[in-house]
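Residue numbers (my numbering), protein chains in the order written: chain R, 1 to 100; chain E, 1 to 372; chain U, 1 to 349.
Simulated from the structure, these hints should not be mistaken for laboratory data. Hints may be right or wrong, so weigh each one.
[Claimed, not checked] Derived BS3-like pairs (lysine-lysine); straight-line CA-CA distance at most 30 Å:
hint : chain 1 : residue 1 : chain 2 : residue 2
1    : E       : K327      : E       : K291
2    : E       : K108      : U       : K131
3    : U       : K131      : U       : K72
4    : E       : K327      : U       : K72
5    : E       : K332      : U       : K142
6    : E       : K2        : E       : K250
7    : E       : K101      : U       : K72
8    : E       : K332      : R       : K57
9    : E       : K108      : U       : K142
10   : R       : K57       : E       : K250
11   : E       : K108      : R       : K57
12   : U       : K142      : E       : K133
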Amino acid sequence: MCLAIPGQIVEISAEQPLLARVEVGGVQRNVNIGLLDPGEVGAGDWILIHVGFALSKIDERQAHDQLRMLQAMGEDQLAIEEIRGYTFADQDGELDEIRR
Amino acid sequence: MKYVDEFREPGIISGVARELARTVDPARHYRVMEVCGGHTHSIYRHGLRDVLPPNIELVHGPGCPVCVLPTGRVDDGLAIAARDGVALACFGDMMRVPGTKGTPLELKARGADIRMVYSPLDALRIAEQNPHKHVCFFSIGFETTAPSTALTILRARELGLTNFSVFCNHVTIVPAMRAILDSPDMRIDGFVGPGHVSAITGCRPYEFIAADYGKPVVVAGFEPLDILEAILMVVRQLNANEARVENQYKRIVPWEGNPPALRAMAQVFELRPYFEWRGLGFISQSALAIKESFAVYDAEKLFDIPGVRVTDPRGAQCGEVLKGVLKPPQCKLFGTECNPEHPVGALMVSSEGACAAYYRYAVYAAAVEAPA
Amino acid sequence: MTTIETTRRTPRFADAQIEMAHGAGGTASRRLVEGLIGPYFSNPALQAFSDAAVLSIEGTRLATTADGFVVKPLRFPGGSIGELAVNGTLNDLAVSAAKPVALMATLILEAGLATSTLESEIEAMAIAARKAGIPIVGGDTKVVEHGMADGMYVSTFGIGVSDPRAMLDPASIRPGDRVLLSGPIGAHGITILLARGELDFQADLVSDTRCVWPFVEALLSQCGPGLRWMRDPTRGGVATALNELVRGGEYGIALSEEHVPMHDAVRGACELLGLDPLHIANEGQFLAVVAPSYADAALAAVRSVEGGERAVFIGDVRAEPKRRVIGINGYGGTRVIDMLVGDPLPRIC
Chain R
1 MCLAIPGQIV EISAEQPLLA RVEVGGVQRN VNIGLLDPGE VGAGDWILIH VGFALSKIDE
61 RQAHDQLRML QAMGEDQLAI EEIRGYTFAD QDGELDEIRR
Chain E
1 MKYVDEFREP GIISGVAREL ARTVDPARHY RVMEVCGGHT HSIYRHGLRD VLPPNIELVH
61 GPGCPVCVLP TGRVDDGLAI AARDGVALAC FGDMMRVPGT KGTPLELKAR GADIRMVYSP
121 LDALRIAEQN PHKHVCFFSI GFETTAPSTA LTILRARELG LTNFSVFCNH VTIVPAMRAI
181 LDSPDMRIDG FVGPGHVSAI TGCRPYEFIA ADYGKPVVVA GFEPLDILEA ILMVVRQLNA
241 NEARVENQYK RIVPWEGNPP ALRAMAQVFE LRPYFEWRGL GFISQSALAI KESFAVYDAE
301 KLFDIPGVRV TDPRGAQCGE VLKGVLKPPQ CKLFGTECNP EHPVGALMVS SEGACAAYYR
361 YAVYAAAVEA PA
Chain U
1 MTTIETTRRT PRFADAQIEM AHGAGGTASR RLVEGLIGPY FSNPALQAFS DAAVLSIEGT
61 RLATTADGFV VKPLRFPGGS IGELAVNGTL NDLAVSAAKP VALMATLILE AGLATSTLES
121 EIEAMAIAAR KAGIPIVGGD TKVVEHGMAD GMYVSTFGIG VSDPRAMLDP ASIRPGDRVL
181 LSGPIGAHGI TILLARGELD FQADLVSDTR CVWPFVEALL SQCGPGLRWM RDPTRGGVAT
241 ALNELVRGGE YGIALSEEHV PMHDAVRGAC ELLGLDPLHI ANEGQFLAVV APSYADAALA
301 AVRSVEGGER AVFIGDVRAE PKRRVIGING YGGTRVIDML VGDPLPRIC
């Protein structure tokens with residue numbers, strides 16, 4: 001369940017501080033931020049949107065660290081295979097795909 | 001799209017897939033259940049089964065709120081819609097779910113005032129703009145969605161609305177997981193846990209699964225990279241004979257959950273003593289009802305609903321499929337009487353239902369296997 | 001073992017009443033046309049169930065098409081019902097490789113419709129027709145009671161001359177043939193969805209409605225012999241059009257998902273609402289299946305016409321799986337791309 005998508009806060013209404021204008025890849029909508037702590041988010045922050053509400057603030061640092069770790073995992077794997085003398089170049093150009 | 005595209009990056013996914021292939025014990029068969037229907041949908045949409053090692057079997061869990069809603073409750077909602085002066089607002093997911101007399105879309109075609117909304121706040125807005133109409137919002141969903149309904153009811157009270165109500169069908173995920181774990185036919189080795197439910201509840205609610213049942217639970221995000229990494233984490237625990245709750249979805253899920261959301265839920269809702277789940281039967285303390293203090297917004301108090309129990313049509317084995325005991329093609333109606341165009345049960349309607357997902361894959365597999 | 005109905009069996013129409021799904025362009029529409037209407041009208045020109053019927057009249061091959069336009073709201077960013085009606089009809093002729101010659105239009109008007117609104121639509125039709133160089137030579141008007149017709153409905157008839165350079169024949173499609181798409185998908189359908197206002201989203205997006213004959217003409221002049229099939233992916237989107245193609249053949253289609261172009265706003269709206277862009281209507285795009293030896297020429301031809309810069313090959317014809325459209329992503333993951341069942345509905349789960 002739970003289709004929820006990351007979006008970026010464009011602005012928070014001064015008259016209605018629980019309402020944020022949020023952008024998702026070129027589409028904008030008002031999103032209720034009442035499920036977040038007051039002051040937790042502001043313009044420029046990224047949030048997770050579900051049925052018109054923000055469920056969570058995205059921890060950008062966590063995202064970055066995780067991606068870096070996973071990227072390294074793939075590269076370590078490659079290094080291991082190369083040491084073993086077995087490359088993926090034999091398998092449908094996957095190597096080129098990764099090095100893209 | 002930021003925080004989406006990076007987690008669909010083919011190069012990184014291939015790398016993690018290779019690590020997973022290297023990590024599985026070739027002599028072992030791993031049965032991993034992804035609890036959440038959103039994960040089921042994502043697995044099929046992103047073709048993840050093609051990059052999993054053959055000895056990892058994914059079992060689709062019951063975390064699809066449309067799928068587990070009994071037909072009787074759908075009928076109850078449609079009975080509300082049939083009343084004069086009432087407009088029923090529901091999510092798109094509900095529009096093609098069959099009740100006894102038809103789907104919401106079909107009833108709408110016959111004149112019922114049924115409107116599709118993206119947010120419960122949109123239903124509230126319809127009520128504000130139509131003071132002579134009563135707008136009833138048909139709410140479904142797990143803990144992911146319940147806080148939004150709670151805030152909407154609080155907002156209705158703030159506005160002093162007298163023409164708005166909610167037909168509450170929110171259910172909670174832990175009792176369903178417990179029912180799966182206690183089921184004698186169940187042999188699941190580990191779980192990919194529901195990422196967005198956990199954004200609200202945190203990860204603590206699953207600790208009993210590791211402690212009492214000895215199964216690992218990895219709370220996962222919904223992008224293909226998230227799901228793949230979570231499966232890898234489950235496999236690593238299984239290989240090491242460990243059973244812990246881990247959080248793969250750290251960028252979204254706080255270990256302690258979302259306190260304002262939990263407070264809103266506690267303010268507006270209480271647990272029903274029991275609730276019927278399609279396929280899993282009656283489960284105690286598994287669903288939410290609106291508290292007495294908000295009775296004026298409770299459709300079940302405002303309207304006489306039939307409350308009739310409706311059994312699944314003969315031959316339909318929605319229950320066994322929901323529990324993961326049967327794979328969809330093993331249901332006698334699969335692909336013949338029950339298909340996406342004429343669904344018999346909700347698992348074929350919902351795009352995250354196991355049967356709908358499997359239908360596409362099974363049709364493909366059958367086509368590949370068919371002789372030239 | 002799975003027992004799945006093959007897609008070859010002619011569907012009977014057993015529904016007791018007409019639903020919105022029957023007009024959505026997907027499987028329900030197909031059942032209505034082929035299961036109820038087709039059997040009564042049965043004749044060779046109809047059996048092909050293509051966008052235009054080709055009639056041979058005293059040695060001249062003429063293509064004829066009829067179309068109906070029902071859209072709410074009548075005016076939307078990038079166009080209006082009048083413009084849609086003209087372009088849509090011309091496009092049906094174009095993708096049948098027929099040079100449009102004339103149009104006719106029947107207007108069903110709701111009593112109470114403001115004259116200014118009607119005049120805007122007539123003007124829009126005139127502008128679109130003039131831009132394409134095609135006259136609107138006649139038609140009819142009817143008025144129905146207030147509460148019917150959503151303001152106005154437009155029904156059209158178009159006629160064109162089959163271009164001799166074309167050798168369109170789905171039976172000539174072979175594994176290895178390439179699938180060409182003229183440009184970004186989903187703009188029209190998402191624009192309409194947002195314009196209705198019910199979902200309260202806003203985006204800088206306009207309908208892609210336009211006449212595609214100039215692109216088709218370029219294709220015919222550069223690679224007529226290599227052009228196997230064309231279709232404009234309107235209701236039901238690219239997925240439905242391609243599924244309709246493969247269901248009668250001995251081949252399937254594989255799409256490379258990374259190569260399908262779409263505007264950011266279409267992508268954003270689809271992700272937010274849980275919609276598949278391949279199911280969303282387009283009103284200014286076309287698909288073509290091209291023999292591999294003509295592929296480079298075909299792409300160059302479409303790109304050489306203003307508005308065709310984003311044309312791209314999105315996939316190819318394969319021997320297996322037969323009668324299926326599959327999508328392949330960047331890491332080799334596959335999925336089945338189905339025909340649309342009813343209207344695309346947003347979801348929250």
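To see whether the hints hold, each was checked on the structure:
1. Restraint check for K327(E) and K291(E): not satisfied, since their Cα atoms lie roughly 38 Å apart, outside the 30 Å limit.
2. For a cut-off of 30 Å, the pair hint linking K108(E) to K131(U) is broken: about 41 Å separates their Cα positions.
3. The suggested pairing of K131(U) with K72(U) holds, with an alpha-carbon distance near 24 Å, which does not exceed 30 Å.
4. For a cut-off of 30 Å, the pair hint linking K327(E) to K72(U) is broken: about 42 Å separates their Cα positions.
5. A distance of roughly 51 Å separates the Cα atoms of K332(E) and K142(U); the hinted pair therefore is violated under the 30 Å criterion.
6. For the hint pairing K2(E) with K250(E), the CA-to-CA distance comes to about 16 Å; that is within 30 Å, so the pair holds.
7. Restraint check for K101(E) and K72(U): the C-alpha separation of about 29 Å stays at or below 30 Å, so the hint holds.
8. With a C-alpha separation of about 45 Å, the suggested pair K332(E) and K57(R) falls outside the 30 Å cut-off, and the hint is violated.
9. Proposed proximity of K108(E) and K142(U) is supported: the alpha carbons are some 27 Å apart, at most 30 Å.
10. The suggested pairing of K57(R) with K250(E) holds, with an alpha-carbon distance near 11 Å, which does not exceed 30 Å.
11. Of the supplied pair hints, the one linking K108(E) and K57(R) is violated, its CA atoms being roughly 38 Å apart against a limit of 30 Å.
12. Restraint check: the Cα-Cα separation between K142(U) and K133(E) comes to about 34 Å, which exceeds 30 Å; the hinted pair is violated.
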